[in-house]
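Colleague: Below are the chains, spelled out letter by letter.
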Amino acid sequence: MPAKTRLTREQIAQRAALELPDGAYVNLGWGIPNLIADYLPKGITVYFHSENGILGMGRRAKPGEEDFDLVDAMKVPVTLTPGASFFHQADAHLMTRGGHIDVAVLGGFQVSEKGDLANWKIPGAKGSGSIGGAMDIATGAKMLIVCMEHTTRDGAPKIVKKCTYPLTALACVDTIITDLAVVDVKPEGLVLREVARGWAPEEVQALTSAHLIARQKIPEMSFV
Amino acid sequence: MKGKVYASLEAAVADIPDGAQIMFGGFGGAGFPNNLIQALARKGTKNITAISNNCGTREGELGLMFKNNQIKHVIASFPGPHANYFQERFAAKEVTLELVPQGILCERMRAAGAGLQGFYTTVGVGTEVAEGKEERFLEGQRCILELPIRADYALIKALQADELGNLTYRLAARNFNPVMAMAAKTTIAEVEEIVPVGAINPEHVMTPAIFVHRIVQAKGLRYAG
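First to last, the protein sequences are chains A and B. Read in order, the letters of the first sequence are residues 1 to 224 in my numbering. Read in order, the letters of the second sequence are residues 1001 to 1225 in my numbering.
Incorrect hints may have been included.
[Unchecked claim] SDA-like, lysine to any residue: derived pairs with alpha carbons at most 25 Å apart:
1. Lys1043/B - Glu1192/B
2. Lys126/A - Lys1043/B
3. Lys142/A - Leu1145/B
4. Lys126/A - Gly1060/B
5. Lys62/A - Leu1221/B
6. Lys142/A - Glu1139/B
[As the list claims (entries may be wrong)] If you want the footprint, here are the derived chain A segments under chain B, 3+ residues with CB under 8 Å:
7. 26–34
8. 72–83
9. 91–103
10. 121–133
11. 205–218
[To be verified] With beta-carbon atoms standing in for the labels, derived distance ranges:
12. Lys1219/B - Asp67/A: 17 to 27 Å
13. Ala1014/B - Asp22/A: 54 to 64 Å
14. Pro21/A - Val1005/B: 33 to 43 Å
15. Pro21/A - Glu1094/B: 45 to 55 Å
16. His1204/B - Thr79/A: 19 to 29 Å
17. Glu1134/B - Thr5/A: 47 to 57 Å
18. Thr79/A - Arg1058/B: 22 to 32 Å
19. Arg1058/B - Arg60/A: 35 to 45 Å
Think of the hints as simulated: they come from the structure by calculation, not from any bench. We put the beta carbon where it would ideally sit given N, CA and C, even for glycine.
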């Protein structure tokens, strides 16, 4: 067996980028998902949606190029790609909620075995919490991918039987991509699709509190 | 006909009473009516119910009004990591919060503007935001009832207005502004430029004049966060 390593945040983003179909309308959330735009495979064109009313959002603005009326949902100055459009926030969320976004990728605190997502508030954390667009996006996207570390900093599993953190949406997640595995949420349960290099399915299962279905020899997570 | 163009920011907000329910446009630093907010802070209106995506950026945007303790209740989706004056008041129980998913916040305002008494949605089902809300099973899915959000005033930011109140917006500074313009009894727009009637191509009007009641040119503060 090769040495066991966990994927970096960039490598998780790189793996997730492979899930985006050519021509898709895509919304990327905060955290790891926001890195995905840098790793699109050659020959794949996708159109990025931003909840503040942009379709066809491009790369981040370079120093000197910033226009603070043209920002992404994280307040970062961005650019446009040819064919971009602007619209108001209600139309932006009509797109998320109305099933018009092909793929959304969000960060997560917990995902349950039924595909429930918790990603907006840590119990006991100080302050009001902030929902933003996460509930609309998680509920309405045609396909929802969650990118996150497989365990918390303290080593607690984040793929769980039932979420104990405040929920974002029920039964919304299709695929989970972590630093250890790719897992699909299917009607029969959580199906282990790939594992990180050097990891055995049983070792990934040991760090997962929900049951993972491992049907055949599980391939290694690929990047390119 | 009484004109919609106001000579000063102070005049545009002069009649906003204590206890008013007010929408504030803007998202991510863009499209905030920062000059109207500053005027309302100088006026010192108290006990405001504020409807806004976020709760300010330090002293910028709505932050100043939380610092001054002018807001008693806020309906927001993303109070935000830099809304320290809001968070201090919230922790001290000097301000209450209704947290609403962002798209539902938009749609509840849109319902108010559209003369609808609410709508059912799958967003929020099974989460904290569903607490106390009527639940129904529609088209095979669990849904909750969401009610309109109305306001006495909407303070918005646009790029251009003609003297009738037709508005255009710049880039992603449009965001919440057109939606709020529809949902308030009195919509006050601060704009960078006021042009004669007919100077905006009708095909380029983004908010039709019927939704806009007061216009004031504001050349000062554009980004306050």
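Colleague: Find the hints from earlier in the document that the structure breaks and name them by number, from lowest to highest.
Modeller: Hints 2, 7, 11, 14, 19 are the ones this structure does not satisfy, whereas the remaining hints hold.
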